[in-house]
Amino acid sequence: MFETLKRINILERITNQDVKGFSDMRKYLILCILFAVLGLAAAIAMVLGAYNISFVDVYATIIANLSPFQDASSINKLHNTIIWNIRLPRVLLAIIVGAALATSGAVFQGCFRNPLVEPYILGVSSGAAFGAALGIVYPHIFQSIQISAFIFASLAVMAAYTLARTRGQTPIITLILGGVIIGSIFSALVSLLKYTANDSSLREIVFWLMGGFYYATWNDVVITAPIVGLSFLVLWMYGWKLNILSMGDEEARALGINPEKSKMIVVALATLVTAVAVSTVGIIAWVGLMMPHATRMILGPDHRFVIPSAAMLGGIYLIVCDTLARTLTTSEIPVGIITSILGAPYLCYLLRNKGRSLLG
Amino acid sequence: MLSFEKQRTFVTWVILMLQVKDINFNYGSTPILKDISFDVKEGQLCGLFGPNGCGKTTLFKCCMKFLKSHKGSVIMDGTDINECRIEDMAKVVAYVPQEHKPPFPYLVKEVVLMGRTPHLGGFFGVKRADKEKALDALELLEISHLAEQPYNQLSGGQRQMVLIARAIAQETKLIFLDEPTSALDFSNQLKIWKLLRKVADQGITILACSHDPNHVSWFCDDVVVMNENGIIGQGHPYHVITESVLDEIYQGMCTVRSLDGTNMILPRDVAVKKKDGTSRHMPALRRDVE
Chain A
1094 MFETLKRINI LERITNQDVK GFSDMRKYLI LCILFAVLGL AAAIAMVLGA
1144 YNISFVDVYA TIIANLSPFQ DASSINKLHN TIIWNIRLPR VLLAIIVGAA
1194 LATSGAVFQG CFRNPLVEPY ILGVSSGAAF GAALGIVYPH IFQSIQISAF
1244 IFASLAVMAA YTLARTRGQT PIITLILGGV IIGSIFSALV SLLKYTANDS
1294 SLREIVFWLM GGFYYATWND VVITAPIVGL SFLVLWMYGW KLNILSMGDE
1344 EARALGINPE KSKMIVVALA TLVTAVAVST VGIIAWVGLM MPHATRMILG
1394 PDHRFVIPSA AMLGGIYLIV CDTLARTLTT SEIPVGIITS ILGAPYLCYL
1444 LRNKGRSLLG
Chain B
74 MLSFEKQRTF VTWVILMLQV KDINFNYGST PILKDISFDV KEGQLCGLFG
124 PNGCGKTTLF KCCMKFLKSH KGSVIMDGTD INECRIEDMA KVVAYVPQEH
174 KPPFPYLVKE VVLMGRTPHL GGFFGVKRAD KEKALDALEL LEISHLAEQP
224 YNQLSGGQRQ MVLIARAIAQ ETKLIFLDEP TSALDFSNQL KIWKLLRKVA
274 DQGITILACS HDPNHVSWFC DDVVVMNENG IIGQGHPYHV ITESVLDEIY
324 QGMCTVRSLD GTNMILPRDV AVKKKDGTSR HMPALRRDVE
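Chain order of the listed sequences is A and B.
Counting in the numbering used here, the first sequence runs from 1094 upward without gaps.
Counting in the numbering used here, the second sequence runs from 74 upward without gaps.
Possibly wrong hints are sitting among the right ones.
Below, simulated DSSO-like cross-link-like pairs (lysine-lysine); rule was C-alpha separation at most 30 Å, straight line [stated by the list, open to error]:
no.: 1; chain 1: B; residue 1: LYS94; chain 2: B; residue 2: LYS174
no.: 2; chain 1: B; residue 1: LYS144; chain 2: B; residue 2: LYS200
no.: 3; chain 1: B; residue 1: LYS134; chain 2: A; residue 2: LYS1354
no.: 4; chain 1: B; residue 1: LYS144; chain 2: B; residue 2: LYS174
no.: 5; chain 1: B; residue 1: LYS200; chain 2: B; residue 2: LYS164
no.: 6; chain 1: B; residue 1: LYS246; chain 2: B; residue 2: LYS144
no.: 7; chain 1: A; residue 1: LYS1354; chain 2: B; residue 2: LYS141
no.: 8; chain 1: B; residue 1: LYS264; chain 2: B; residue 2: LYS144
no.: 9; chain 1: B; residue 1: LYS114; chain 2: A; residue 2: LYS1354
no.: 10; chain 1: B; residue 1: LYS107; chain 2: B; residue 2: LYS94
no.: 11; chain 1: B; residue 1: LYS200; chain 2: B; residue 2: LYS114
no.: 12; chain 1: A; residue 1: LYS1354; chain 2: B; residue 2: LYS200
no.: 13; chain 1: B; residue 1: LYS271; chain 2: A; residue 2: LYS1354
no.: 14; chain 1: B; residue 1: LYS141; chain 2: B; residue 2: LYS94
no.: 15; chain 1: B; residue 1: LYS264; chain 2: B; residue 2: LYS134
no.: 16; chain 1: B; residue 1: LYS271; chain 2: B; residue 2: LYS164
no.: 17; chain 1: B; residue 1: LYS134; chain 2: B; residue 2: LYS107
no.: 18; chain 1: B; residue 1: LYS200; chain 2: A; residue 2: LYS1287
no.: 19; chain 1: B; residue 1: LYS114; chain 2: B; residue 2: LYS267
no.: 20; chain 1: B; residue 1: LYS94; chain 2: B; residue 2: LYS200
no.: 21; chain 1: A; residue 1: LYS1120; chain 2: B; residue 2: LYS200
no.: 22; chain 1: B; residue 1: LYS174; chain 2: B; residue 2: LYS271
no.: 23; chain 1: A; residue 1: LYS1120; chain 2: B; residue 2: LYS174
no.: 24; chain 1: A; residue 1: LYS1354; chain 2: B; residue 2: LYS264
no.: 25; chain 1: B; residue 1: LYS246; chain 2: B; residue 2: LYS200
no.: 26; chain 1: B; residue 1: LYS271; chain 2: B; residue 2: LYS138
no.: 27; chain 1: B; residue 1: LYS267; chain 2: B; residue 2: LYS144
no.: 28; chain 1: B; residue 1: LYS144; chain 2: B; residue 2: LYS134
no.: 29; chain 1: A; residue 1: LYS1354; chain 2: B; residue 2: LYS267
no.: 30; chain 1: B; residue 1: LYS141; chain 2: B; residue 2: LYS200
Worth flagging that the hints you see were computed from the coordinates, not collected in a lab.
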């Protein structure tokens, strides 16, 4: 989808013969390269797995499913199940979730003017965790763990936002404090549920909290893709406004941007995609914090470029982590563990080397 | 003869770019601004002069609609700002804040390009012409060599220049500057004021607040003097920055001396001359004695 958008922009730039020394061509080129890498990573991840299927068979299966002229029954049934019903939705979901978390991380960091903010800052994750735990412990009341997680994730953010809103304004400090307060309430409630849960529920809660793609189905992809895709496009359109918002509320006003209105829209959308991601796959740490950083190192801080490239990097990162999670050992490792193990050294590196220039 | 006089007055009739009428503002129950009224004529470099804490910045924020005044009105280029949308106001007035550091290392050219925001439209919005205008603004301030540098790693004086360039790229009739020189050294202060002079000479109206009486008397066409009690004078600095006005603000600490027709404001105890014409602070000239 954004490939075509990019192409339009590149054409425009070429025909306009861009202003000397002010060209964005290099940045568009990097976006294209990232898109290619994303495609490549997905293609490789499709071939890797616990059950060995050859490269040719994998793509024969995918083509057979996509092509309207070929009968799906002509291919190996086992291959079809593994490739089409397990691996492909899993890879797609990893891209969607990675893009969602990285996009909202970039948006939150720009909007809150703080490069250390992550998408869970307003209590989304604790809300979702509580919702999921509630669904696991009381399955007869809450039919779907996902829906319950989503409802409580949204509730948590709304509560934090209401708590922070004073006299028609939402100062960033109170908003973050509101998020901390609501987050700790929900964390306490999760602990309470863990304490009262029986052994099998407890195990399931712990597993859910670590996050993972083991249960990825086409259903998940179909639900999350349009929400994340549309929100991503709107947030991308707000890229320039985010640049202005990151200069501060008063300057945004002076430059003709209504900070309250814009912040409300971008925070709502970023929260929506985070809640959708978290309620589908559990809590996956670091992606939302790291990817925008990595992007700024490659492309600079302009949000028009940070948002799409963070999204693609997020997708790449989660594909890599998830592929490692399901191939490293015979049993699966929760992907949240892998993202943290790979992520922490990266942030250490940032802190030691680029800390001063990145954090000002 | 009489008709010629009439015509003359007609020709010199000036447009008021900014009219502030009876503005009142309280922080909680503490009144900050009481019945403030003044106006600024088109194309002038107007200084808003007053001591620390007298409400200059608050007055600015009321004029920019960052704060909502409790009473009174601000009319900018003929329109009441209360009837003006944020988007439209940004096409009339630009604002240069006190020096600050954004959290992200935007390049200087990107910061200046942000000034084009009120004129942008559409998805990505930034057009070739906008980039050209940003570069032109850098050219005007003679800081083109900084274009590729990260804004938050510049010195305070350079950052201030970049923000002024951004205001120029915004192409407004009016520019507000909040203490543009307060954090700068002497040469940078002079540089900024000379630059403001240059901008004003291009027909842009400037209102800059300052707490330095020398700066406003050296560089401004017009000055509004305020203290805690409100406006205590407006007019050409030569007529307004006088000893009686300064006494009202600084309780008799300063005196005004003329040096080749330019007014200098000096601390009274420095300016006191000894009988032989040397100042108290001037060391004795030994060589001459020998």
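Could you check the structure against the hints above and give me the numbers of any it violates, in ascending order?
Violated hints (numbers, rising): 1, 2, 4, 8, 9, 11, 13, 18, 20, 24, 27, 29 and 30; every other hint is consistent with the structure.
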